[in-house]
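Chemist: All chains should be built: construct the whole structure from the sequences, respecting the hints.
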Amino acid sequence: MNCEKYIIRQISLFSENKPGRLASMAKACQEEGINILAFSIAEADGFGVIRALVDKPDLAHKKLTELGFNVAFTHVIGVEMKDEPGGLYEIASKLADAKINIEYSYAYSGKDRAVLILRVDQVEEAVRLLLGNHFNIIASSTIH
Amino acid sequence: MHCRDPRIEEMPLEDLRKLQYKLLKMLIYRVYSFSPFYKNLLNAAGVHPDDISSLEDIRKLPFMEKKNLRDNYPDGLIVSDREELVRYHVSSGTTGKPTVVGYTQKDINNWAESVARGLASAGIGRGDVMQISYGYGLFTGGLGAHYGAERVGATVLPTSVGNTERQVELMRDLQVTSIACTPSYLIHIGEVAEKMGISIKNDTLLRKAVVGAEPWTEQMRIRIRDWLGVEAYDIYGTSELSGPLFTECEQQQGAHLWGDLIYPEILDPDTHEPLPPGEKGELVVTMLQKEGLPIIRYRTGDIAALNYDLCTCGRTSPRLERLTGRVDDMLIIRGINVFPSQIEHTLLGIPEIGKHFMIEVDRTGALDDMLVKVEIAGDSFSDKITDLMKVRTKVERALHNALNVAVKVELVEAGSLPRFEGKAKRVIDRRKL
Chain D
1 MNCEKYIIRQ ISLFSENKPG RLASMAKACQ EEGINILAFS IAEADGFGVI RALVDKPDLA
61 HKKLTELGFN VAFTHVIGVE MKDEPGGLYE IASKLADAKI NIEYSYAYSG KDRAVLILRV
121 DQVEEAVRLL LGNHFNIIAS STIH
Chain A
1 MHCRDPRIEE MPLEDLRKLQ YKLLKMLIYR VYSFSPFYKN LLNAAGVHPD DISSLEDIRK
61 LPFMEKKNLR DNYPDGLIVS DREELVRYHV SSGTTGKPTV VGYTQKDINN WAESVARGLA
121 SAGIGRGDVM QISYGYGLFT GGLGAHYGAE RVGATVLPTS VGNTERQVEL MRDLQVTSIA
181 CTPSYLIHIG EVAEKMGISI KNDTLLRKAV VGAEPWTEQM RIRIRDWLGV EAYDIYGTSE
241 LSGPLFTECE QQQGAHLWGD LIYPEILDPD THEPLPPGEK GELVVTMLQK EGLPIIRYRT
301 GDIAALNYDL CTCGRTSPRL ERLTGRVDDM LIIRGINVFP SQIEHTLLGI PEIGKHFMIE
361 VDRTGALDDM LVKVEIAGDS FSDKITDLMK VRTKVERALH NALNVAVKVE LVEAGSLPRF
421 EGKAKRVIDR RKL
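Heads up: the sequence lines are chains D and A, in that order.
Mapping of the first sequence onto full-length UniProt numbering: position 133 corresponds to residue 133, and the numbering continues sequentially without gaps.
Mapping of the second sequence onto full-length UniProt numbering: position 37 corresponds to residue 37, and the numbering continues sequentially without gaps.
Hints are computed from structural coordinates only; laboratory data are not their basis.
Values in this document were obtained by computation on a predicted structure and should not be read as measured data.
Some clues are possibly wrong.
What the hints assert, rightly or not - Each computed EDC-like pair below joins lysine to aspartate or glutamate, with the alpha-carbon atoms no more than 20 Å apart:
1. D:18 with A:360
2. A:373 with D:43
3. A:195 with A:226
4. A:355 with D:16
As the list claims (entries may be wrong) - What follows is a set of in silico ranges between Cβ atoms, one per label pair, in the way DEER data are often shown:
5. D:92 with A:429: 19 to 27 Å
6. A:218 with D:36: 42 to 50 Å
7. A:279 with D:99: 56 to 64 Å
8. A:362 with D:82: 50 to 58 Å
All residues carry an ideal CB built from backbone N, CA and C; glycine is no exception.
Modeler: In structure tokens form, the structure reads like this:
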């Protein structure tokens, strides 16, 4: 099975924990007409990592690198989950049973569906497992 | 081996010592007779020129310090007639009153000759195009290297400092083969070139760099060689002596100090006792032939070691090992001596971080806190917080092992730390405030 179409390129930025960094990233996206579909910030002592799914990842990478950010692509998957109690449990428990570790994750709840973005240690296995359990995984083409 | 002056460069040590004694004796008589400042200095120390009857007697002479130059601003230490002076250089005065040095024609000639011997010993000469990226003007770096490069017959490109993109273009377009600049500026040039899509290693003919004016390390030499394809040779001098004066030969085992021009001593900074060869201490120098502003037992404040073993190149003069730091740069953190060069040395061995760093020192209560800021390298950025924390811990451990004192490390964005075009100032010590 070809899992590739389900692997989404998430853009990650290293950012110092100081005022203005997020604004400067967001401004660049606005100016270039890049839409941010999902987004999270993880913070540690003194620095943070901004992660985002955007509709034009290559353009975002180029522009943000030019602005001086450390930018990297990370492969993540997006799984539709039921927007009701137990929706997250369904997915998380399946991965747990298969011993697939979730390194981090964030979610968004849109008009018609909730989506869980996952970074896992075994991407292809996770895709196979979730498809096999009839979850709807977002194709990367619907984002980029 | 190409010697500019084999009589001096290969002079047997015994003969060299005789020459040095003769020059010292003449120097002391001259300053005692013609300079009220030196006469007072010697009188206060209870020394008469007649008391100097061997080279070892130099230890009877009093020290000079930067303070003497500052206190005698502008020209109280100048010994020659004013009309004999052909040039002034003036220090920046960033750490106090500026110091003025006056040069006679002979001083300029000796200075150029000293640099020329060094460049020749590093294999730079006719047919080379040498970019001088030290500042020109009141600062001694640019003109010092310039006159030496002209004397060996190189084609000089006097770019001075700044406008780095243009420096890179000219380096490529005019087929520059060697450069003189600070090591940190060379790194900066390399980074700017990369941004412009130019590889110093593959797209230019630059192969040799004569770098100095700030402490640097063997790690940095290797990094410059691997990354830029450039062999780096150390150059030493300070504005009080004449600016850049002494460089390494092709063996890269320390800068040859020409014995007809300088008599160096390495002393314990506190007790002023001489230290054995190879041991690190404060470099104290006597310039044996300077006319305009003689320098006798001048405490340079530089921490260095001397190597008296015969160099494999055949030159007999002692070699100055690369500076570890300065007496006044030395940080005392929780009672432990720390030199920024040790930190640089350690950081250059860690590929996950960039080449630049800043040190910030604070005092919390009675305890010193040292924070080292390092840039996360572009290609080693992982978006997992745990990976970044691992890098930080790795740097903290490496610094702790090297310095024997706990260091806090902060990861900052690539390109966010200051870049230096002249001497790097990497320490912010807020304890003094």
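Chemist: Look at each hint and say if it fits the structure.
Modeler: These are the hints, each one checked on the structure:
| no. | hint | verdict |
| --- | --- | --- |
| 1 | D:18 with A:360 | holds, 18 Å |
| 2 | A:373 with D:43 | holds, 18 Å |
| 3 | A:195 with A:226 | holds, 18 Å |
| 4 | A:355 with D:16 | holds, 18 Å |
| 5 | D:92 with A:429: 19 to 27 Å | violated, 50 Å |
| 6 | A:218 with D:36: 42 to 50 Å | holds, 47 Å |
| 7 | A:279 with D:99: 56 to 64 Å | holds, 59 Å |
| 8 | A:362 with D:82: 50 to 58 Å | holds, 52 Å |
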